[in-house]
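Between the sequences and the hints, there should be enough to build the whole structure, so can you do that?
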Amino acid sequence: MVFAKDIMIEAIDINKEYRRAGAIIRALVDINLRVKSGEFVIVQGPTGCGKSTLLNVLSGLDLPDSGRVIFDGENIARATEDRLSKIRRQKIGFVFQDYNLVNSLTAIENIEALLWPTVLSNKEIENRSIAALRDVNLLERKDHHPVQLSGGEKQRVGLARAIIHRPRVILADEPTGNLDPESETHVMELLKKINKDTETTVIVVTHRTHLNKYADKIIKMDKGRIIKIE
Amino acid sequence: MWKKAILLSLREKKIFTVFALIYTILIFLSSLFIELGIGGQLGESALFFILIFFTTSLILSLLYAWILVSRRRRVWATFKCIGYTNKNIIILVSGIILFTTLMGFFIVIEVLFHYAAIVAYLNSAEINLDIKILIGLVPVIVTSGMFIFVQLIALIVVYRKVLKVRPIIALKRVGG
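Protein chains in written order, with my numbering: chain A, 171 to 400; chain B, 36 to 211.
These aren't lab readings, by the way, just hints derived from the structure by calculation.
Don't take every hint at face value.
Okay, derived cross-link-like pairs now, BS3-like style, lysine-lysine, Cα gap no bigger than 27 Å in a straight line [to be verified]:
no. : chain 1 : residue 1 : chain 2 : residue 2
1   : B       : K38       : A       : K261
2   : B       : K207      : A       : K393
3   : B       : K199      : A       : K387
4   : B       : K48       : B       : K38
5   : A       : K256      : B       : K48
6   : A       : K256      : B       : K199
7   : A       : K312      : B       : K48
Set out below in structure tokens:
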């Protein structure tokens with residue numbers, strides 16, 4: 171039996187359409203899913219199957235045309251932009267395929283940037299950033315700029331930025347898409363470790379089937395629909 | 036957040052240096068022409084030049100704002116993705132623009148202080164070259180105040196552009 175308090179994200183009858191070159195594309199069709207607190211979920215499917223759209227909708231970056239997204243007990247499908255920003259700052263950590271680090275800032279500053287708009291003191295922000303960098307085994311590179319880091323190191327900085335505020339959920343869109351096999355393993359093992367140690371819910375969108383071993387649940391999508399949940 | 040805006044502007048050395056120097060030149064020239072206008076040395080043409088400088092400042096501020104927002108949409112989109120509000124971002128952008136202008140103001144003040152020091156030294160050494168104080172402090176402060184006011188117009192335009200930056204852009208593939 172699953173209790174409501176155990177459910178971190180619930181999507182109910184989600185539909186989403188796009189218009190592209192005059193044609194209507196049904197990106198998400200009647201999506202229903204539940205992600206439990208502390209679960210490691212992998213969303214898989216071919217390119218254009220709607221997996222990234224699903225991630226965007228689950229995080230409030232995109233709104234569904236119909237349906238509800240209950241995030242930690244709150245319907246975010248109709249939340250205001252400011253409320254969504256607050257939810258993302260407090261409860262969600264993002265990991266991007268292209269890292270999205272600011273080149274003019276050092277590794278530690280990129281991590282600290284997430285907490286700049288908060289009321290935390292500079293010392294507290296610095297302490298948390300150092301702890302996050304230590305968690306991803308990158309403390310010795312804290313004063314390096316992104317151009318001085320390898321792809322794997324950049325992604326670990328991205329991962330540290332995603333965990334500095336101790337989020338309830340980490341959303342990763344093809345986090346290993348630009349990495350070599352060794353860095354891929356490192357990043358995925360870090361994600362799994364964070365998931366286990368802190369019971370953070372992790373949702374990873376990927377097309378790489380060999381990453382399935384990290385997942386508690388695998389959601390397979392095709393043509394905007396969930397075709398299988400393992 | 037204002038401190039972080041200063042950090043961000045200082046880290047973008049090239050663009051910061053270029054715009055700070057242009058603002059320095061504009062503030063210096065505007066102040067000089069205000070000074071000359073007050074002294075009645077240039078007549079109505081002083082007002083004409085001052086208007087040109089302020090218009091240039093407005094165009095410059097709009098250009099700077101455009102560069103900061105449009106060419107760095109991905110950075111602002113990423114910041115929105117990780118929880119920044121529009122207000123947080125506009126504070127950063129405003130801070131960068133205002134700090135650059137203030138830097139121009141401080142450089143002008145610094146240059147004028149050095150100039151005044153040289154004049155004072157020459158006078159005290161009884162080397163009379165008939166050099167007067169170039170620009171008083173009031174025209175410089177008035178000019179800087181007006182430049183900052185002009186920038187508020189640019190910031191209103193920026194705000195509209197910041198609102199249009201969607202966080203979802205951060206998830207789009209580079210070059211995709």
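Hints, one by one, checked against the model:
1. Distance hint between K38/B and K261/A is fulfilled; the C-alpha atoms sit about 26 Å from each other, no more than 27 Å.
2. Between the alpha carbons of K207/B and K393/A the distance comes to roughly 19 Å, so the proposed pair stays at or under 27 Å and holds.
3. For a cut-off of 27 Å, the pair hint linking K199/B to K387/A is broken: about 36 Å separates their Cα positions.
4. A distance of roughly 16 Å separates the Cα atoms of K48/B and K38/B; the hinted pair therefore holds under the 27 Å criterion.
5. For the suggested pair K256/A and K48/B, the alpha carbons sit about 32 Å apart, so the restraint of at most 27 Å is broken.
6. The hinted pair formed by K256/A and K199/B meets the criterion: a straight-line CA distance of about 19 Å does not exceed 27 Å.
7. Between K312/A and K48/B, the direct Cα distance comes to roughly 21 Å. Compliance with the 27 Å bound is thereby established for this hinted pair.
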